[in-house]
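Enquirer: Residues per chain, in single letters:
Protein chains: 2
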Amino acid sequence: MNHQSYLNKAFILAKMASPKQVRPNPLVGAIVVDKNEEILGEGYHQLCGGPHAEVFAIQAALKKTTDLSETTLYVTLEPCSHHGKTPPCVELIIQHKIGRVVIGSVDPNPIVSGIELLTKSGVEVVLMPLPIIEQMNAVFMTNQLKKRPFIQLKIASTIDGKISDQLGASKWITNQKSRTFVHEVLRENTDAILTTAKTVIIDRATLDIRKENQPAKELNTIIIDRTGELLKSENQQLPIFYKRKLSKIYLLTDTSQISHQYTLPSHTEIIDVRFDHQHMLQLDGLGEKLMEKGIHHIMTEAGSVLNSFLIDNNWADEMYCFIAPLLLIDDKSKSMLHTQKVVTLDKAHKLTLIETQIFDGDVLLRYSFGASVVS
Amino acid sequence: MNHQSYLNKAFILAKMASPKQVRPNPLVGAIVVDKNEEILGEGYHQLCGGPHAEVFAIQAALKKTTDLSETTLYVTLEPCSHHGKTPPCVELIIQHKIGRVVIGSVDPNPIVSGIELLTKSGVEVVLMPLPIIEQMNAVFMTNQLKKRPFIQLKIASTIDGKISDQLGASKWITNQKSRTFVHEVLRENTDAILTTAKTVIIDRATLDIRKENQPAKELNTIIIDRTGELLKSENQQLPIFYKRKLSKIYLLTDTSQISHQYTLPSHTEIIDVRFDHQHMLQLDGLGEKLMEKGIHHIMTEAGSVLNSFLIDNNWADEMYCFIAPLLLIDDKSKSMLHTQKVVTLDKAHKLTLIETQIFDGDVLLRYSFGASVVS
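First to last, the sequence lines map onto chains A and B. Under the numbering used here, the residues of the first sequence are numbered 167 to 541, in order. Under the numbering used here, the residues of the second sequence are numbered 167 to 541, in order.
Check the hints yourself; a few may be wrong.
Copies of the same chain look alike in the list, so a pair counts if it fits in one copy or across any two.
[Stated by the list, open to error] The list that follows gives simulated cross-link-like pairs (lysine-lysine, BS3-like), each with its CA atoms no further than 25 Å apart:
1. LYS343 with LYS513
2. LYS513 with LYS337
3. LYS320 with LYS364
4. LYS516 with LYS343
5. LYS337 with LYS516
Simulated from the structure, these hints should not be mistaken for lab results. Computed from a predicted model, the values in this text were never measured in an experiment.
Based on the sequences and whatever the hints tell you, model everything.
Expert: Written out as structure tokens, the structure reads:
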């Protein structure tokens, strides 16, 4: 087996963890292999705060032999060099005199300098960045590099790119199988839904997670609500204010614009933000605020205005397009995205197709914005 | 093996022919199997005017045994019962006393009553219509049932359903690999391109078939040109009037609306048609006229007006959507389809997804209009 094969095995190990349980940490897998190509130890990062993948793999290897000098450690991410919730893995590697470390992706965190420290200590380092390994930690990379949650747009449209007819009807464009995937996979794996007060009021949305034969599961919701519309007493009966135990509603509100008396509903928190003269949300600093609240991954459930705004402001990382086998054709039906800006074809946003799936007649196209998360 | 497996084998045989060489006939495959499940003969319809699939299969079987009474003939289409270019296959089946015939699709042609005649003659008939077999002859079925060519719309759009930016630029939305497929597969398999004078003038299109390292191949072109704009002398130098030997340009023109003198260019023919007060082409009788000229399959290369018109008038059978990984977002960019009609979601055109392909980052979604070609 070659380096890439072992890294792929480490990648499969890494994927055994639940991304949501590991966040804000990345998924990491590690394997210790001896010179006879026998795998001595394996491990993956299972839980935020728990041991790193390297620790599991090295401890398992030590049960088979105390001399690791002629072994290779394959690890999907550059080993940490700083004291976080656990001691640095670099020290462990050096302490056990592991001969070689093959690394599948670089940690963008500037306080991590694992490669440098290992090299200085005489450990042979082979850096072999693999796109699937980098893609696996797109959320972590975005959090680190862009100082904001990873943002996934979710759009359900007709073949001709329409999200509702001219009367505003959009239920249900996509089929049951697509909607099941949205709940069981997409909503399940996100930290919060991002939407607008308008959507929550008009659609009477709960934005929770529904699975067949199971009680609905709570999900954090972030709602752009400039003037605190949802705080009005007549809106307190909206389905979004269902009884919460584990989740929160975050209102992105300009508190100076609230002109009515209100009592903050339980499990609801206001994040005080500003809007520009066109009533567009100012994003500066918001990313950090959300991450401090444990929100590292966001999915939108909203109309074309919010999704277009996020794309325009470089706040979109992935797009899930569910295309139903329908044509609306009607000029006045609503397009999935729109802005007043002139965009010529040569200036069009260029995305990267990363996945396709078919749900009966619906097609899911998953795109990443930009060529690579670590470009 | 069961009936379906043999029909599937016959289906694979049928597909060995080139649809274009067989037209206006359907693709047909046939197999003769004896009671020990030995295949005695196989055949497929190779060429319009040539022997039918049943003839090849039965002749091959007769070389192995003269007694076909305990054999089963598997044939993908109901055997013909009329004297066309060849004698009726039903007679051949009865003459050789074939015991059983298993049929994979019914011939919609009212002069074909193969099933009835076979049954009356004491041949056991098993009718087992299979969707893939019916789909294979969608063109033939449409020709027979709708008395017009089969019409394939071809659309290249961004993810948000735009076919050009607000300046009209549409070259090139899709990538080289998609365009190669359009030439080598789609244009190669159609009898004619349908477009408009406007497209031919603005895009300076040749609409021929280009394959790498090969000379361009001619292709019939049907151009909607109400007032005979292309007949003006200043338009005679357009690329569409390239020197033709094997193909023709058909102008769909209202000859009473031509207000200028003209000489008909070589390989150009006017089909005299009428338009309504909104300048929309009247389709009555046009289908038969085109089929008389040997055009049984048409692909559009045109803008949103023509494609929307065809859909609106039930003259669209399939749609090939090439979706490039681009977003235009701009409100004023051009949508793939549009009409002034109010279409509510419950009245949206419902299509059937029949194929998906990926060409690098482009996605091809192929849809059929309506649930089934023979519904």
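Enquirer: Going back to the hint list, which numbers does this structure go against?
Expert: none
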